[in-house]
Amino acid sequence: MTTRMEQDQARPDTAVRANVARDTWNVLTRELKPVARDPFTLIFSLVQPLVFLGLFAPLLIGSSGQPVGETLQWFVPGVLVMIVLFGTGATGSNLQYEMMTGSHERTLVAPLSRSSLLVGRALKEIAPIVVQALIIVLIAWPFGFTINVPGLVIGLALLAVFGVGLGSLSYTLALKTKNREWLFWGVQQTLIFPLLILSGMLLPLDEAPAWMSAVATVNPVNWVVQAERALLAGDLGAITVLWGWIAALVLAVLGLWAGVRAIRKSS
Amino acid sequence: MANEPIIRAQGLTKRFIVKKKTVEAVTDLTFEVDRGDLVAFLGPNGAGKSTSLRMLTTLIPPTAGTAHVVGFDILKRPADVRARIGYVGQLTSGSFAQRARDELLSQGAFYGMSRSAASRRADELIESLDLTAFATRSVQQLSGGQKRRLDVALGLMHAPPLLFLDEPSTGLDPQSRANLWQHILDLRVQHGTTVFLTTHYLEEADRYAERVMVMDKGRVIADDTAAALKANLAGDLLTLGFASAADAERAVAVVQGLTDRDVRRQDAAVILTAPEGDALLPAAVRALDAAGIRVSRATGVPPTLDDVFLALTGRTLREAGEGEPSDETEESDAAGDAASVTTGAQS
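Taken in order, these protein sequences are the chains called A and B. Quick note on numbering: this note's numbering labels position 227 of the first sequence as 227, and the sequence is numbered without any gaps. Quick note on numbering: this note's numbering labels position 223 of the second sequence as 223, and the sequence is numbered without any gaps.
To be clear, the hints were calculated from the coordinates, so they are not data collected in a lab. Check each hint, because a few of them may be wrong.
[To be verified] Within a straight-line C-alpha distance of at most 35 Å, the following computed DSBU-like cross-link-like pairs (lysine-lysine) qualify:
(1) B/K217 / A/K176
(2) A/K178 / B/K20
(3) A/K178 / A/K33
(4) A/K176 / B/K20
(5) B/K217 / B/K76
[Unchecked claim] Here are some, though not all, of the chain B residues that point toward chain A, as calculated from beta-carbon distances under 8 Å:
(6) A64
(7) G65
(8) F96
(9) S106
As the structure is a computational prediction, the values presented were derived from the model and not from experiment. Each residue gets a CB set at the ideal place from its N, CA and C atoms; glycine is no exception.
Pulled out of the complex, with its shape left as it was, chain A reads as follows:
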């Protein structure tokens, strides 16, 4: 017994204590590693927005009869929000996969504060959003899209906040649906297209019937799209910008709250 005591004294108890900020940083940097190791995955997931930019924008230009630059000025902000909607909106599937394969369980046994496991993941979403949005903007530029630098910077910040909220909700859905992948995708797909169409992202809602306009008014994605349009056009003081920020912030707070709640119950 004395030898054991000596051993214990020789090895002081240096066990780590949970610390939300440090843990969040550690979770965030871990999540960024695969992206940093293989940045081409970011380009790959750009295929969908690029298809919309390349195949849908020409139709818009044709039907609106307006100059290319003006149509792009209207359409590109929507594509940026689309990146978040499709990319970040699906990010929960990564967590769900890790729940099924086992590494999520490992992080639950690690001395990490529960909230950091969600917040770190949600914050990670900012990186691909910013990189992908910049690529889209740069591709649209030579075709007549004008870049307003302050507007773009604030627009990216708004997208980031929106992404953190949507990403958190996606993780929440993953945690709630657990090993039922079909349920995750079922809910995700059911929500994403109405949110997309009712945001006026692809086609203006001006001609929409009254009930559609009514639903669109309560769609936070719609507010974010309108704010992005104003911001990227350089109209930083527009009232829609304020509404966009309110929508994104409310979504972020709700998403993080629901996500942290869900991860505390995770096992």
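Got chain A; can you put chain B on it based on the hints?
Only chain B this time, still in chain A's reference frame:
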């Protein structure tokens, strides 16, 4: 502190509600484990081994009862428990999207290690667990054995005084299994780590564990060294062959005079199970010779833990595993569903 057992469980019980029916996965689990021990939970799938481990590692709260692990209450101080244990779950610990070495470094950071200390420790483990050639591969690309060795490396990253292993060698070929065990035993000798594992492989419990707790239907039904369990609960299977059934019939009476165990005749053979059969067998042959009954064949088969399980439950381990309605994975499913009802203190 030092003299305290490293695990002390009192009346740990876990009930799940599955399809509106209450299922008792673990019932009244009470035991202690001393520092430095190597202990195995042995039992069929669905016996409650994983559920017990998940309670002890703070993954799920018990419905009743309590436990102290590395000196801390699993319900009141889960963060302190987590900081001092290593856990290798049944599935893959590394994220499939991550590179093996990156996961080790992240794990080090999770446990508060400095970047340089984590890097040193990762390389040490990569080397000792034969992962050098795969360190920069993604977990997805690793073979089953390589994944499992990475799991163990992740569990050992912060050199925990107590390591939990849930079915560490399931799905491994015999060679990989032997390698893995060599690593675990080496690390144990080096660091004096207490190892607590679950297994449904008899050979594994028999060969490596110093203490075996046999679990069935949520309860520990035996708790001793493998050798003592086999000697006390099973015994060697002895078979003596004769020229005719009549000879065998006469032999039964003679052999029965040497043991209090039940002696049976089967065709032209006499069968019995008895402790210390290795001594009984030559004695029986001599006694039969003296009685003028010629023994034509004699075999003695030492018992396995399966015989122990059979003696305790009337079923073999394999039968028990197949007969169970729910396996361990379903249990963990249910754990998630039931968690909302019973969630305890978590940080």
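For a quick check of understanding: which of the numbered hints are violated here, in increasing order?
Checked against the structure, the hints that fail are numbers 6 and 7, while the rest are satisfied.
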